[in-house]
Amino acid sequence: MANIIPAVKLVNITKRFPGVVANQGVTFEVLPGEIHALLGENGAGKSTLMNILTGLYKPDEGQIELGGQRVELKGPRDAIARGIGVVFQHFKLVPNQTVAENVALGMRRPRFGLGLGRIERELTRLGGEMGLQLDPRVRINSLSVGEQQRIEIVKALYLGAKILALDEPTANLTPQESQGLFVVLRRLAQEGYAIIFISHKLEEVVSLAHRATVLRKGRHVATVNLTGKPGEKEKLARLMIGREADGATADELGLGLEHATIAGDTARPHPPPG
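Residue numbers for the sequence shown follow this note's numbering, so the first one is 371 and each next one is one higher.
To be clear, the hints were calculated from the coordinates, so they are not data collected in a lab.
Computed from a predicted structure; not experimentally measured.
Please note that a few of the clues may not be correct.
Under the rule of at most 16 Å between Cα atoms (straight-line distance), these lysine to aspartate or glutamate pairs were calculated in the EDC-like manner [claimed, not checked]:
| id | residue 1 | residue 2 |
| --- | --- | --- |
| 1 | Lys532 | Glu399 |
| 2 | Lys605 | Glu411 |
| 3 | Lys428 | Asp448 |
| 4 | Lys599 | Glu574 |
| 5 | Lys462 | Glu538 |
| 6 | Lys379 | Glu442 |
Start from the sequences and build out the full structure, keeping to the hints where you can.
As structure tokens, then:
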């Protein structure tokens with residue numbers, strides 16, 4: 371692996387906001403054909419790092435390398451043009467339009483002269499090749515959450531993505547849909563795509579990813595190889611929070627809520643015990 375040029379490498383990235391250092395000297399790389407998990411508690415700096423990768427933010431310090439070449443991303447359109455695709459937890463699809471129409475909206479080249487027929491045929495072919503069966507003529511609002519996610523993946527691939535980042539991709543999926551997604555991601559990795567998998571579900575991470583990078587309080591803590599051996603989930607949890615993750619005790623409880631009633635709620639409040 372040492373001789374493989376990373377598909378993407380973020381080197382010593384620092385990003386500051388007023389009163390906050392979101393990323394401090396973070397280095398993160400993903401190899402072609404690798405599923406690499408990016409982990410950390412809320413506020414650890416994962417979203418900021420991905421916003422830098424997608425061109426939404428410019429780093430205050432550090433550099434971005436794609437295929438070993440230093441680049442400057444001028445914005446999201448530039449990132450897409452360079453083969454970076456992101457599937458967000460909340461999908462960026464227009465519900466009352468068809469699959470093909472949604473893809474056409476994101477195209478860099480002139481789309482009005484192509485005709486939706488050609489786009490539909492190309493989407494059908496691409497979906498079949500990647501094991502992502504879809505009907506390009508169906509409207510988004512008639513699809514399940516899992517089907518919409520597949521559309522987002524196909525859309526990113528159709529627009530030329532070779533680096534694919536997924537933000538909490540199983541948060542709204544059923545277990546069966548999650549397993550279907552993992553089959554797709556493993557297939558994409560075998561085809562040479564670089565996959566960034568952002569998740570809090572450590573069981574999924576250790577079963578799917580080849581490596582994991584952990585951020586804590588905006589800093590890079592560790593990058594570890596994942597082999598599926600016992601104890602890896604617990605090791606990642608310790609790295610994420612900086613201590614043993616045995617669950618909070620009564621003395622550690624920072625906030626509690628009992629017998630709460632929401633204003634305007636039609637449900638009858640539960641009486642206190644006893």
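The hints, checked one at a time:
For the hint linking Lys532 to Glu399, the alpha-carbon distance of about 14 Å falls within 16 Å, and the restraint holds. As the CA atoms of Lys605 and Glu411 are separated by approximately 14 Å, the hinted pair is consistent with the 16 Å bound. Distance check on the hinted pair: Lys428 and Asp448 sit about 12 Å apart at the alpha-carbon level, within 16 Å; holds. Between Lys599 and Glu574, the direct Cα distance comes to roughly 14 Å. Compliance with the 16 Å bound is thereby established for this hinted pair.
This hinted pair checks out: Lys462 and Glu538 have alpha carbons roughly 14 Å apart, not beyond 16 Å. With a CA separation close to 12 Å, the supplied pair Lys379 and Glu442 stays within the 16 Å bound.
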